[in-house]
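Residue numbers (our numbering), protein chains in the order written: chain R, 1 to 177; chain G, 1 to 677.
Please note that the accuracy of each hint is not assured.
Claimed, not checked - Covered by chain G, per the in silico footprint, the following chain R stretches (three or more residues, Cβ under 8 Å): (1) 92-104; (2) 122-135; (3) 140-148.
Since the hints were made in silico from the structure, they are not lab data.
Beta carbons: idealized from backbone N, C-alpha and C, even for Gly.
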Amino acid sequence: MHLDLDFFKSLTLNLSEHLASLNLRLTVQGIQIQERSYAALIATMPEYSHFAVLQSEDTMWAFHAGARLVAVCTDRMMGGPVESAPSESQQFTFSEQFFFKLLVEWVLQFGEHKKRNFTLQRIEHFSRSLHLFFHNESVQCVTIKLKLNPNLATTLQFIFPEGTLPKSTRIKELPDD
Amino acid sequence: MKWSKIFAVTAGLLAIFVLAGFGGWLYQSGTITQWVSQWTTPTEAEKVESQVRQATGAVLDRIVGNGKYFVTVKATMSDRSEESEKVTLTPVSVTLNEVVNTKVQSEKESIDYKTLDELKAKQEAKKPKPKVQDSLPGFPVVIPEDTPREEQIVTPTIRNPALFGQTTQKHDVVYNAQRTKNVIPITLKKITVHVVIDERKMKLLKLDRTQLSAVLAEVSGINEERGDELILSSYKFSDAIFGLDQIYWESKDKLKKLNIPPEYLVGGILGVWLLIALVMLVWVYRRKKIARQALELQTLLDVERKNEREELDRERQFQALCRALIDFVERNPGFTASVISEMMSIAPAEETNASLPPLKKVLIFILFLEAERPELVQQILTEMGESLSKSLFQGANKFMKVDSGVLRAVLEEFYRLLVKKQYLIGGPTISQKILKTTFGVDEESSFDVTAEFSFQFLEKLSDERLLSFLSQDRPQLAALIFSFLDENRVVSILSHMDVDRAVNVSRLMLTLDVPNYFWVQKLSSALEMKLLAPEVSIDETEKLLKISRVLEKLSTELREKLMAFLSNVDPGLVQKMRTLIFTFEDFFTLSDDHLKAVLYEADIRHIGTAMLNCQGPLRDKILSNLSERMQQVVIETEKLSVSIRPSEIERAQYELVRIARQLADDEKIVFQKEGPA
């Protein structure tokens with residue numbers, strides 16, 4: 001799939017520029033790459049969130065955007081304030097789902113621009129419905145920690161099967177703050 | 001790193017000092033000289049052997065050719081230890097009382113004298129011979145004059161008085177003793193020459209062995225009387241190596257012929273080693289220097305490439321920006337003209353390098369458009385009006401040249417202003433003013449934003465439906481939509497809304513900012529599709545189908561519990577649901593082709609795990625639809641997967657069911673159980 005750390009850095013920087021039209025300042029706090037079992041990873045993630053299952057060649061992988069990021073961007077898109085809270089209910093609203101689709105579309109366009117073609121398989125909002133890997137299977141997870149302009153922390157995550165990322169990128173940058 | 005280098009250099013220097021000291025000790029003790037002299041100073045036997053070998057080889061070269069013969073010579077020389085020593089005693093002073101008859105006998109010579117004068121005369125005659133420095137083999141060695149002489153006082157004893165006279169007197173004689181060494185020269189005792197010639201060459205040249213032996217004996221100086229031997233033999237030589245031994249002997253002879261003093265040879269070897277070490281040091285230094293230069297060059301190239309890439313990216317971004325700007329102006333010439341008019345109305349500040357006066361920026365932007373799309377400039381100027389256009393071009397008279405950096409900065413500013421609308425956010429007064437100018441409407445009430453956002457579909461939507469939808473979505477969406485609705489309608493909907501939510505929406509309406517036009521337009525289209533889609537009445541069959549699909553995704557245990565509960569309520573319904581639910585066991589009902597299609601799409605690990613608790617005909621059916629290789633993989637998975645939990649097996653089975661359901665939805669396979677899905 002030819003993914004490396006530079007790809008994710010570039011993706012985040014471009015996303016920051018892309019979301020600037022919403023008058024949102026998105027700053028990257030760090031990129032963390034972990035390798036752990038799928039069950040352990042899912043346990044650390046919110047149960048209800050925004051997941052897109054993508055396919056690149058024969059590899060299935062997942063893209064996860066934090067609920068807070070989607071909620072803030074959705075409200076800003078509609079002229080709302082930055083200090084938005086995600087939905088309280090377990091089901092996300094139509095407008096949030098709509099914005100997440102826009103975000104996934106943008107990720108696909110970015111991948112195409114960088115000559116890494118992905119296709120969208122499905123969108124899920126429940127982490128246990130992903131069914132991408134076996135629970136004891138080892139996976140790689142790229143976590144991009146972001147901060148929205150006032151002081152809101154959020155994340156973007158990319159989950160790959162083991163061995164997708166080259167060994168040289170298996171480094172940890174900026175530990176949890 | 002630094003300490004390791006220091007240690008290595010110190011160790012190297014220490015090793016050099018130790019080696020130099022050891023070498024010096026060896027040289028001082030003569031070991032090296034002795035060793036070298038063995039290779040450089042030929043012995044008498046070696047001289048003879050070399051001469052004979054060369055003479056014989058010269059003849060054989062002409063007769064049989066180089067490499068087709070082999071000569072060994074063994075010379076036996078007489079032993080150098082065969083030497084004799086002679087001691088000569090010369091009386092220096094004699095204390096004589098009477099006539100003495102004395103006889104002193106050496107090994108070969110005897111001295112007889114009767115009187116003192118005779119003794120002295122004899123002494124004169126026995127004076128030392130002229131000294132001879134040479135000590136060639138076979139010549140007598142004469143001890144030089146300055147050799148310390150051994151003075152002895154001899155008191156001879158008369159052994160037989162009858163022979164030497166009647167009177168026996170005591171006397172003291174002082175003798176000077178001279179030792180004379182006679183070394184017999186080293187002579188050649190015997191030569192044995194062994195000549196081996198290639199048998200094939202002998203046969204080819206038809207050489208007469210006797211005749212050849214005679215010639216070789218003559219050439220090599222064989223003397224049969226002395227006991228010399230010449231052995232001529234012939235063997236078939238190997239084709240692989242020939243002449244190497246001959247070359248070895250010749251090389252050794254040549255080396256010895258040079259007769260190089262051992263000191264020079266040792267010095268030469270050391271010099272060569274030092275030279276090699278020096279060359280290696282220079283080579284290593286140059287290599288490191290080249291590597292360092294290459295690294296620096298590579299770094300420079302990398303930086304240059306990076307700069308080029310960044311420049312290229314900037315250029316691409318700028319071109320994209322220009323395209324986006326032109327597209328926007330093409331679609332919104334009125335809005336662009338209004339923005340330009342607003343900018344021209346701003347009072348010019350002092351011009352600096354960092355900021356240009358607004359009029360100048362507008363002029364640059366207009367000139368850029370003129371170069372790209374002249375027709376757009378006409379449209380904008382028409383929108384702006386004649387007076388503003390004239391005032392704009394009055395400033396163009398002083399305009400000479402625009403730097404590319406300035407052009408880029410100005411276009412980026414217009415891009416942010418027009419396309420991204422960053423300047424509109426946070427300033428509703430300014431945005432309204434610009435928008436009003438854009439649409440050419442003076443009265444605020446007639447300003448219709450809906451024309452831009454196309455939220456017109458809301459008019460067709462009932463209040464109940466809109467309320468129902470907005471109550472479930474984010475309050476911000478309600479605030480946005482209400483900003484496009486009639487006040488009475490907003491009141492109507494708000495009055496039916498939950499109080500807390502109504503308050504929240506009202507608060508958001510007050511702080512409503514300018515939305516992102518592009519995305520809101522898309523949202524509007526999506527909402528129109530969702531809210532205006534014909535409401536489909538869900539009949540009982542569809543409900544049944546939906547609940548069946550839900551039950552299908554549940555674990556077997558939970559599904560059976562629910563079915564058991566439902567069967568108490570409506571057994572007929574459960575029966576219908578069972579026909580609609582597709583489970584892993586239902587793979588048995590699939591045709592072979594359809595089963596193969598499912599298995600082809602599935603992951604082999606899922607197949608292997610799913611079949612862990614699958615027995616009987618279903619197992620046989622699935623295995624029979626797998627290739628032999630896949631069958632082996634499945635069997636191996638079964639063997640290795642001892643500790644897999646039942647939940648994982650169920651998940652793998654559901655994965656296969658999901659694939660089957662997907663294929664059925666795509667009409668690639670058909671479920672026999674329930675007909676076309």
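Violations among the numbered hints, reported as their numbers in ascending order
3
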